[in-house]
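J.: Sequence:
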Amino acid sequence: MAPAPTPGSAPAPGGDVNVLLASANPDAGKSTFARVGCVACHSVGEGGRAGLGPNLYGIMGAPIAQKEGYNYSAALKGKGGTWTAEEMDKWLLKPTTYAAGTKMSFAGIADAKARTDVIAYLGTLSANPAPAAAADAPK
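Take the sequence shown: its letters are residues 0 to 138, numbered as in numbering that gives the first Met the number 0.
By construction, these hints were calculated from the structure, which means they are not laboratory data.
In this text, all values refer to a predicted model and were calculated from it rather than measured experimentally.
Be aware that a few hints might be false.
To be verified - Restricting the straight-line Cα-Cα distance to at most 20 Å, the calculated cross-link-like pairs of lysine to aspartate or glutamate (DMTMM-like) are: (1) LYS76 with GLU86; (2) LYS29 with GLU86; (3) LYS112 with GLU85; (4) LYS76 with ASP110; (5) LYS112 with ASP15; (6) LYS29 with ASP110; (7) LYS93 with ASP15; (8) LYS66 with GLU86; (9) LYS102 with GLU67; (10) LYS102 with GLU86; (11) LYS93 with ASP110; (12) LYS78 with GLU67; (13) LYS93 with GLU67; (14) LYS29 with GLU45; (15) LYS29 with GLU85; (16) LYS66 with GLU45; (17) LYS112 with ASP26.
Using the sequences and the hints, build the whole thing.
T.: This is the structure we're talking about:
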């Protein structure tokens with residue numbers, strides 16, 4: 000039996016994010032995005048201005064902490080990499096654990112299904128939306 004993950008260090012029980020994305024509901028993700036308060040800090044339209052948080056249009060597949068028009072924390076800038084489904088899943092689970100010292104005070108989304116729905120929704124915020132899992136598929 001595998002050891003239990005440290006709280007906040009790994010996605011919550013519910014399965015692999017790419018498996019969950021296969022049945023994710025972007026409309027439910029949009030509702031969750033609004034319900035948990037993401038809209039208070041983030042805009043999502045193409046060319047939208049950053050608020051307390053960056054504009055999230057085109058975020059999936061983008062480099063982490065690189066969107067123009069927003070001053071990211073050193074903690075998030077130091078992560079490097081790309082916003083894949085796996086990285087976004089870890090971030091949405093508990094931002095302060097993913098990047099200790101982040102400006103984002105949001106507690107996170109504990110429910111794996113709700114997180115993958117939000118990830119699927121974020122994947123629609125693009126001129127050429129593609130399934131979020133496709134960006135993470137082995138080449």
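J.: Would you mind marking each hint as holding or not holding in the structure?
T.: Evaluated hints:
Using a Cα cut-off of 20 Å, the hinted pair LYS76 and GLU86 holds, with the two alpha carbons roughly 14 Å apart. Restraint check: the Cα-Cα separation between LYS29 and GLU86 comes to about 19 Å, which is no more than 20 Å; the hinted pair holds. A hinted pair counts as satisfied when its Cα atoms are at most 20 Å apart, and LYS112 with GLU85 qualifies at roughly 13 Å. Under the criterion of a C-alpha separation no larger than 20 Å, the hint pairing LYS76 with ASP110 is inconsistent with the structure, at around 26 Å.
Proposed proximity of LYS112 and ASP15 is supported: the alpha carbons are some 10 Å apart, at most 20 Å. Of the supplied pair hints, the one linking LYS29 and ASP110 holds, its CA atoms being roughly 15 Å apart against a limit of 20 Å. With a C-alpha separation of about 17 Å, the suggested pair LYS93 and ASP15 falls inside the 20 Å cut-off, and the hint holds. This hinted pair checks out: LYS66 and GLU86 have alpha carbons roughly 16 Å apart, not beyond 20 Å.
Distance restraint check for LYS102 and GLU67: the Cα-Cα separation of roughly 16 Å lies within the 20 Å cut-off, and the hinted pair is therefore satisfied. Restraint check: the Cα-Cα separation between LYS102 and GLU86 comes to about 17 Å, which is no more than 20 Å; the hinted pair holds. Proximity of LYS93 to ASP110 is assessed by CA-CA distance (about 11 Å); at most 20 Å being required, the pair is judged to hold. Between LYS78 and GLU67 the alpha-carbon distance is near 17 Å, which keeps this suggested pair within the 20 Å criterion.
Taking the CA atoms of LYS93 and GLU67, the gap is near 24 Å; set against the 20 Å cutoff, the hint is violated. Proximity of LYS29 to GLU45 is assessed by CA-CA distance (about 16 Å); at most 20 Å being required, the pair is judged to hold. Restraint check for LYS29 and GLU85: satisfied, since their Cα atoms lie roughly 19 Å apart, inside the 20 Å limit. A distance of roughly 12 Å separates the Cα atoms of LYS66 and GLU45; the hinted pair therefore holds under the 20 Å criterion.
Distance restraint check for LYS112 and ASP26: the Cα-Cα separation of roughly 13 Å lies within the 20 Å cut-off, and the hinted pair is therefore satisfied.
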